[in-house]
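Take these sequences, add in the hints, and give me the full structure.
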Amino acid sequence: MPDENLIPAKLGPELASAFTRLLRGRVRAVLGDNIDTDIIYPGRYLNVTDREKTAEHLFELAYPELRAQIEPGEIIVAGKNFGCGSSREQAAAALKFAGVGAVLAGSFARIFYRNAINLGLPVVVSEEAHQLCAVGDELALELVAGEIRNLTAGRVIAAAALDPRAVELIAAGGLIPYLKRKYIA
Amino acid sequence: MGMTLAEKILARASGRTRVTPDEVVVARVDLAMSHENADLVRKSFLEIGVPRVWDPARIVIIFDHRVPAESERTATTQKAVREFVAAQGIANFYDVGRGGICHQVLAEYGHVLPGMVLVGTDSHTTTHGAFGAFATGIGATEMAGVWAEGSLWFKVPATYRIEVEGDFRPWISAKDLILHIIGRLGAAGADYRAVEFDGTAVRRMTVASRMVLANLSMEMGAKVAFTPVDRVLIDYLQPRTTEPVETIAPDPDAAYERVIRVDAQQDLGEPQIACPHSVDHVKPLSELGDVPVHQAVLGSCTNGRLEDLEIAARVVAGRLVAPGTRLIVIPASQRIYRHAMRLGYLDALVAAGAMINPPGCGPCVGVHQGILAAGETCVSSTNRNFLGRMGSKDSLVYLASPAVVAASAIAGKLAHPASVTRESEPCLTKI
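Keeping their order, the protein sequence lines are chains R and A. Its first residue numbered 1, the first sequence is counted upward by one per residue in the numbering used here. Its first residue numbered 1, the second sequence is counted upward by one per residue in the numbering used here.
Simulated from the structure, these hints should not be mistaken for laboratory data. Hints may be right or wrong, so weigh each one.
Pairs of lysine-lysine, PhoX-like flavour, derived with a Cα cap of 20 Å [unchecked claim]: (1) A/Lys413 / A/Lys283; (2) A/Lys43 / R/Lys180; (3) R/Lys53 / A/Lys43; (4) A/Lys43 / R/Lys182; (5) A/Lys43 / A/Lys8; (6) A/Lys155 / A/Lys8.
Please read all numbers here as calculations on a predicted model, not as lab measurements.
This is the structure in structure tokens:
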């Protein structure tokens with residue numbers, strides 16, 4: 001489980017209530033270990049600084065057909081060390097703006113993990129998900145409790161609870177909307 | 001119980017007397033570094049709605065990933081950053097032709113000192129553990145928060161201690177050592193951990209070589225990676241700063257999650273190569289057989305420093321790059337560029353048929369200045385060999401030491417330096 005699934009308490013609890021802690025979505029892809037940031041988002045497009053446009057290059061070199069198949073809210077499942085490599089935030093942004101609803105992985109590389117939460121992309125650590133999910137399975141994720149239900153297979157998959165304060169950040173839509181509120185208030 | 005270096009620095013930066021692994025602290029940030037992705041940070045910062053950055057003197061911006069601008073899009077983002085820097089009064093701005101690779105420039109200009117908390121929007125920010133700084137990479141949005149608030153939350157990492165004893169064999173370098181360690185621990189082997197390197201082999205290293213260890217520790221997931229704050233480092237820092245240089249060390253009774261020992265003689269019998277497509281796919285050179293090389297790249301934040309150019313120049317001196325092979329050399333900074341010119345290293349390299357690229361990241365990020373076609377193989381002194389990293393997804397990148405890169409350029413295939421030159425133990429410049 002990532003060691004950085006905590007956000008300081010000063011973020012406050014009020015945002016979480018606005019957020020539905022339960023996510024549902026279909027599994028779009030089950031990927032392997034060490035899915036690196038160049039696979040997620042090639043370095044040649046790092047000068048794209050409009051976050052929405054990063055989605056055009058998601059998985060472009062390694063899985064060119066995958067991006068167009070993603071329906072809003074669908075889930076990417078992977079093995080260990082998802083997002084290893086670069087600090088490029090475009091990797092998390094491209095997933096989010098391509099419509100990915102959540103990423104489940106055996107573990108996450110630390111910068112990617114922070115980037116995803118800061119951009120409001122749900123990331124869930126589950127060592128089993130990789131084995132117990134297939135493309136097309138319908139999942140229900142309970143982020144705070146750390147529970148995944150595979151509705152298609154009819155079984156519960158163990159997952160790490162996302163710290164409630166991380167859930168609040170995700171619920172706020174990420175760090176920038178959160179800070180905006182703080183400074184406007 | 002004492003504290004490790006990471007614990008000591010985070011305790012102080014968060015106003016605590018002690019911290020222990022897994023605690024979350026909010027630490028003040030001493031230095032915030034960005035490169036071209038400062039444009040992403042700028043956009044997020046402006047969205048927050050805070051008019052001024054928290055402290056312009058603690059922000060450093062260095063263009064290196066696409067220098068000079070390779071496209072109109074990049075030119076536009078660089079222009080936006082220049083305007084932002086001027087408007088915010090950020091004096092520590094290194095434009096095209098003024099600095100070089102961000103991690104080298106921070107070091108050369110004395111921006112980073114022992115005990116600092118340094119964050120950078122670049123994963124290889126771990127490099128600055130070679131200066132005794134708690135230094136780690138973050139994303140652009142998080143950096144926008146730092147620009148606004150001057151602080152950031154960290155979970156205190158547990159620490160691995162890696163002790164390297166003994167002398168290296170001829171032609172074996174810090175690059176071979178860290179590739180060996182990454183091969184042993186795996187790409188996620190030090191995930192979320194702090195790493196402390198020590199031992200006689202590390203203490204004998206130049207600062208440039210120590211930077212290689214800290215830099216590449218990122219490729220096994222490390223959050224921060226330190227080498228000792230000793231006389232060698234202090235001698236490097238003192239002419240570069242007017243600030244006092246603090247000697248900081250872990251407590252003798254600090255608690256380590258794991259201690260790893262490496263015998264420089266026994267464990268590193270020959271050059272180590274990271275094979276496609278992951279940095280932990282490490283093999284000794286002799287196991288690879290004949291691997292023809294189309295392109296050899298010498299440079300990057302990992303291995304583009306003066307000692308790297310020197311060893312390459314010694315290997316290629318009086319020889320020619322093999323037909324069918326290209327050698328691309330990228331000094332890590334303007335200062336290194338000038339040094340290498342004055343010392344004749346660049347002359348030796350150019351005479352051998354090398355092309356010299358301007359100081360910067362060059363082809364390492366797969367953007368420009370040496371992109372690979374499908375079916376091509378590259379040997380590179382850089383830090384990543386991911387699928388498609390340097391061009392086509394059907395190209396191959398092998399990571400190696402500068403000496404092996406130079407030897408391979410001459411041989412036209414992966415080669416041991418001893419197979420192309422009779423020179424034995426090269427004498428390295430202390431820089």
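Consistency of the hints with the structure:
1. A/Lys413 / A/Lys283: With a Cα-Cα distance of about 16 Å, the restraint between A/Lys413 and A/Lys283 holds, given a limit of 20 Å.
2. A/Lys43 / R/Lys180: Since the Cα atoms of A/Lys43 and R/Lys180 sit roughly 13 Å apart, the hinted pair holds (cutoff 20 Å).
3. R/Lys53 / A/Lys43: Since the Cα atoms of R/Lys53 and A/Lys43 sit roughly 14 Å apart, the hinted pair holds (cutoff 20 Å).
4. A/Lys43 / R/Lys182: 18 Å, holds
5. A/Lys43 / A/Lys8: 34 Å, violated
6. A/Lys155 / A/Lys8: Given pair A/Lys155, A/Lys8 holds - Cα atoms ~13 Å apart, limit 20 Å.
Checked against the numbered hints given earlier, the structure breaks only hint 5 and satisfies all the rest.
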